[in-house]
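Trainee: For reference, the chains in residue letters:
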Amino acid sequence: MNTFFGLAADFASFCFVAAMIFALIRLFVGPSAQDRVLAFDTFYINGMLTLLMLGIRSGSMLYFDVAMLIAVFGFLGTMALAKFLLRGEVIGP
Amino acid sequence: MNELSLPLWAALPAGILLVCGGLLALIGSLGLLRLRNFFERAHPPTMGTTLGTGCVLFASMLVSSALLHRPVFHEVLITFFVLITAPVSAMTLMRAAVARNRPRPERLNVER
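If you read the protein sequences in the order shown, they are chains A and B. Following my numbering, the numbering of the first sequence begins with 1 at its first residue and continues without gaps. Following my numbering, the numbering of the second sequence begins with 1 at its first residue and continues without gaps.
Excised from the complex, chain A in its bound form:
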């Protein structure tokens, strides 16, 4: 049964890395700026999931804090870029 879990972890890691590659392609070829910001959002979420898979595999608790930091700062970056696209400034009046 542990071989099943190892295969499932391998498959999930492969899926997240492939999703990161797809988001990266959209990040580079995206025709408008909001497409690129959306691709960045997908990219950091999938990177966070890849890091969580690393944490599940190694059995260490250190990776969850890093994943939390990636989630917080990725949300801040997406929010700042979206606000900048909405009006020409990040923090408006």
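Some hints could be false.
For each label pair, taking beta carbons as the anchor points, the in silico distance ranges come out as [as the list claims (entries may be wrong)]:
#1 B:L8 <-> A:F28: 26 to 32 Å
#2 B:H69 <-> A:V29: 46 to 52 Å
#3 B:N101 <-> A:L54: 37 to 43 Å
#4 B:R34 <-> A:R87: 30 to 36 Å
I should point out that these hints are in silico values taken from the structure, not numbers from a laboratory. Glycine included, C-beta positions come from ideal geometry on N, C-alpha and C.
With chain A's structure known, arrange chain B on it following the hints.
Mentor: Coordinates of chain B only, in the frame set by chain A:
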């Protein structure tokens, strides 16, 4: 090496959840790559963001609870944060897209 001591009641549902989360994230990102305009592309990654993250973090809770022989709940923090913030950023981004697609020559004349 730690996976060798994983019991059956944790390994089976955690494996199934990991496969489901990986497939959800992959399909969502493929939809982001393949759909035609922005308002169609905004929908698929939210599936991988919310359900995929939920699946992976629940599997992580199962595995760490089985390894440490006590219930571990601090992955709920990441799930809660991602579930709260994903609609906020998606809606702000869609509002930005609507505002940028709108033709506005008259607004420039009014404000200047």
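Trainee: Does each hint hold? Answer for all of them.
Mentor: Hints and how they fare:
| no. | hint | verdict |
| --- | --- | --- |
| 1 | B:L8 <-> A:F28: 26 to 32 Å | violated (44 Å) |
| 2 | B:H69 <-> A:V29: 46 to 52 Å | holds (49 Å) |
| 3 | B:N101 <-> A:L54: 37 to 43 Å | holds (40 Å) |
| 4 | B:R34 <-> A:R87: 30 to 36 Å | holds (31 Å) |
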